[in-house]
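Residue numbers (the working numbering), protein chains in the order written: chain A, 1 to 251; chain B, 1 to 261.
Read the hints as simulated data drawn from the structure, not as lab findings. Cβ atoms here follow ideal geometry from the backbone N, Cα and C, with glycine treated the same way. Wrong hints could be hidden among the right ones.
Straight-line C-alpha distance at most 27 angstroms; calculated DSS-like pairs for lysine-lysine [what the hints assert, rightly or not]: (1) Lys106(A) - Lys13(B); (2) Lys150(A) - Lys3(A); (3) Lys9(B) - Lys103(A); (4) Lys150(A) - Lys123(A); (5) Lys13(B) - Lys103(A); (6) Lys181(B) - Lys150(A); (7) Lys103(A) - Lys100(B); (8) Lys229(B) - Lys135(A); (9) Lys106(A) - Lys119(A); (10) Lys229(B) - Lys213(B); (11) Lys135(A) - Lys13(B); (12) Lys150(A) - Lys106(A); (13) Lys213(B) - Lys13(B); (14) Lys150(A) - Lys119(A); (15) Lys213(B) - Lys100(B); (16) Lys135(A) - Lys123(A); (17) Lys100(B) - Lys13(B); (18) Lys9(B) - Lys123(A); (19) Lys119(A) - Lys135(A); (20) Lys150(A) - Lys135(A); (21) Lys100(B) - Lys229(B); (22) Lys181(B) - Lys123(A); (23) Lys3(A) - Lys103(A); (24) Lys9(B) - Lys181(B); (25) Lys103(A) - Lys150(A); (26) Lys135(A) - Lys213(B); (27) Lys103(A) - Lys119(A); (28) Lys216(A) - Lys3(A); (29) Lys123(A) - Lys106(A); (30) Lys106(A) - Lys9(B); (31) Lys135(A) - Lys106(A).
Away from chain B, derived, C-beta distances all over 10 angstroms, residues of chain A [said to hold, decoys possible]: (32) Met1; (33) Glu88; (34) Glu118; (35) Ala196; (36) Gln213.
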Amino acid sequence: MIKASHLTKTYGPLTALSDVSFEVQTGEIVGFLGANGAGKTTTMRILTGFYQPTSGQAWVAGHSVTENPADVKRNIGYLPETPPLYPEMTVEGYLRFVLELKKTAKADRPELLEWALEKCGLKNRRNSIIGNLSKGYRQRVGLAQAVIHKPPVIILDEPTVGLDPVQIIEIRNLIREFSGGHTVLLSTHILSEVTAVCQRAIIVHRGRIAHEQTIKDLSAKKSLEEVFLEVISKDVSFEDESRTSKLSVAH
Amino acid sequence: MWSAWTIAKREIKSLFVSPAVYIVLGLFALLSGVQFLLSLQRFDQLLQQAQIQAQLMKNPDALAHISLNVMLISNVVAFAFFLLLFTVPAITMRLLSEEKSQGTYELLLTSPITAWDIVLGKFIAGVVFFSLLLVTHALFLIVMFGYGNPEPLPVLSGYLGLFCAGVSFLAIGLFASSLTKNQIIAFFVSLFLGLGLLMIGWAAQTLSGNISKFLEAASITFQFENFNKGLITVSGLVYFITVWIFFLSATRVSLQSLTRS
């Protein structure tokens, strides 16, 4: 469903991604794991057709992101790191706007709206002004925005960042419910999130794919934390960088 | 095209819950109201003097020289043009820079719509709001048509000029807003561009020959003043439409460059 092949992205002299290749099968939930600045957001932005890669190619739902970004955009739902919300709108008004923006059939809209409100636990907040919502609810609206048109591919950039433990669990449960019917790629720097939600982890480090691992292959004696640290400590200069980069190993 | 309307609808709704926009509307109405009042008083004085002159000199023609159109209405319209130079950037500064600063442009640019949809949607919203601004200004006309007897066609032509010039400032402002996530910068860039388009007319006065003619025709004041005199020319219309298309296209390029960086 998602296929990235030798993706490279440079911003001037800075190389954000180099030679990244991976695949995600239909119905899979895959976690994109890495420290801040490892290249997660850049990869996701390329897959959504937001950025063009410097070189390499990616296909989402069979469409090329460089040659056919319009078809790619039709098949994805995307939650960026900051949920793209208009604070002055109501939840319902905002979701109606998104339904129009995603070009859903007019007749389906009331049903999709109710479905998303229900699924994301927003029914009792439908008339609230988004600017007045708590961070957890805003994140839910962001998630509702990404799934409301029932896209085959859902891309979530750090969906649980900044939430309290209860909200994290709620959002994770929500994401897990999308498995099977939808292909989900989510990024995080929280290791336990990947074991809790995903079937497979892709570890990115300094713009490269450092490791791929299915969660059920993790043995009891070797946790994902150990795998992660082992993989990135192969990079000799990691010690220097670890002082500046914020890597959270939450349990 | 329908997506442009989707964007425009949302933008119009947001404009009307934005306090800054009401301040702009209010200030525009206040300043043009004060100027209208002052112009009206001056016109009244002129009229009285002319009446006295006509009686003293037994020359009824003196009154015929006092034209409501030339001495009052075109004055009021010209002042509105000057005000638009400042008020339109205040409306347009948020249009795209706010999308950037609150991250919503990521939603727009990952939706199955084109950059043209976004540019046109924002532009339509701006034009709708600006038309409302003009309608509040046109309330003065009710007073003038109610108590005086102006010629309607030059008035219409003046307002058409005001509309064309205002929409030009809108297109310029939209472009400025696409360049930055900072609304203050967007405001000043569009003010600067608008003033530039106005000031090249001043340069024309100090030069001579073809350059002078070219700069004069390129200045927005010259084109607007023709309309305000009741002179609707094809070259004037072409000028304004060119300015709109140029800045809207520039905005589209600027938006697209976001995704190519």
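Results for each hint:
1. Lys106(A) - Lys13(B): With Cα atoms ~21 angstroms apart, Lys106(A) and Lys13(B) stay inside 27 angstroms; holds.
2. Lys150(A) - Lys3(A): It holds: about 20 angstroms lies between the C-alpha atoms, which stays within 27 angstroms.
3. Lys9(B) - Lys103(A): The given pair, whose Cα atoms are some 15 angstroms apart, holds under the 27 angstroms limit.
4. Lys150(A) - Lys123(A): 18 angstroms, holds
5. Lys13(B) - Lys103(A): It holds: about 20 angstroms lies between the C-alpha atoms, which stays within 27 angstroms.
6. Lys181(B) - Lys150(A): The given pair, whose Cα atoms are some 31 angstroms apart, is violated under the 27 angstroms limit.
7. Lys103(A) - Lys100(B): 22 angstroms, holds
8. Lys229(B) - Lys135(A): Roughly 57 angstroms between the alpha carbons, so the hint for Lys229(B) and Lys135(A) is violated.
9. Lys106(A) - Lys119(A): 20 angstroms, holds
10. Lys229(B) - Lys213(B): With a Cα-Cα distance of about 19 angstroms, the restraint between Lys229(B) and Lys213(B) holds, given a limit of 27 angstroms.
11. Lys135(A) - Lys13(B): 24 angstroms, holds
12. Lys150(A) - Lys106(A): This hinted pair holds, its Cα atoms lying about 15 angstroms apart.
13. Lys213(B) - Lys13(B): 44 angstroms, violated
14. Lys150(A) - Lys119(A): Holds - the C-alpha atoms of Lys119(A) and Lys150(A) are around 12 angstroms apart, at most 27 angstroms.
15. Lys213(B) - Lys100(B): The given pair, whose Cα atoms are some 41 angstroms apart, is violated under the 27 angstroms limit.
16. Lys135(A) - Lys123(A): Judged against 27 angstroms, a Cα distance of about 17 angstroms means the pair holds.
17. Lys100(B) - Lys13(B): 19 angstroms, holds
18. Lys9(B) - Lys123(A): 24 angstroms, holds
19. Lys119(A) - Lys135(A): 18 angstroms, holds
20. Lys150(A) - Lys135(A): 24 angstroms, holds
21. Lys100(B) - Lys229(B): Not OK: Lys100(B) and Lys229(B) at ~41 angstroms, beyond 27 angstroms, violated.
22. Lys181(B) - Lys123(A): Distance of about 33 angstroms is beyond 27 angstroms: violated.
23. Lys3(A) - Lys103(A): Holds, at about 25 angstroms.
24. Lys9(B) - Lys181(B): Status holds; Cα separation ~22 angstroms.
25. Lys103(A) - Lys150(A): Holds: Lys103(A) and Lys150(A) sit about 12 angstroms apart, inside 27 angstroms.
26. Lys135(A) - Lys213(B): This hinted pair is violated, its Cα atoms lying about 60 angstroms apart.
27. Lys103(A) - Lys119(A): 21 angstroms, holds
28. Lys216(A) - Lys3(A): 22 angstroms, holds
29. Lys123(A) - Lys106(A): Since the Cα atoms of Lys123(A) and Lys106(A) sit roughly 21 angstroms apart, the hinted pair holds (cutoff 27 angstroms).
30. Lys106(A) - Lys9(B): Given that 27 angstroms is the threshold and the Cα spacing comes to 16 angstroms, the pair holds.
31. Lys135(A) - Lys106(A): Distance ~31 angstroms between Lys135(A) and Lys106(A) Cα, so the pair is violated.
32. Met1: The claim holds: Met1(A) sits with its nearest Cβ about 17 angstroms from chain B, beyond 10 angstroms.
33. Glu88: 5 angstroms, violated
34. Glu118: 22 angstroms, holds
35. Ala196: 26 angstroms, holds
36. Gln213: 29 angstroms, holds
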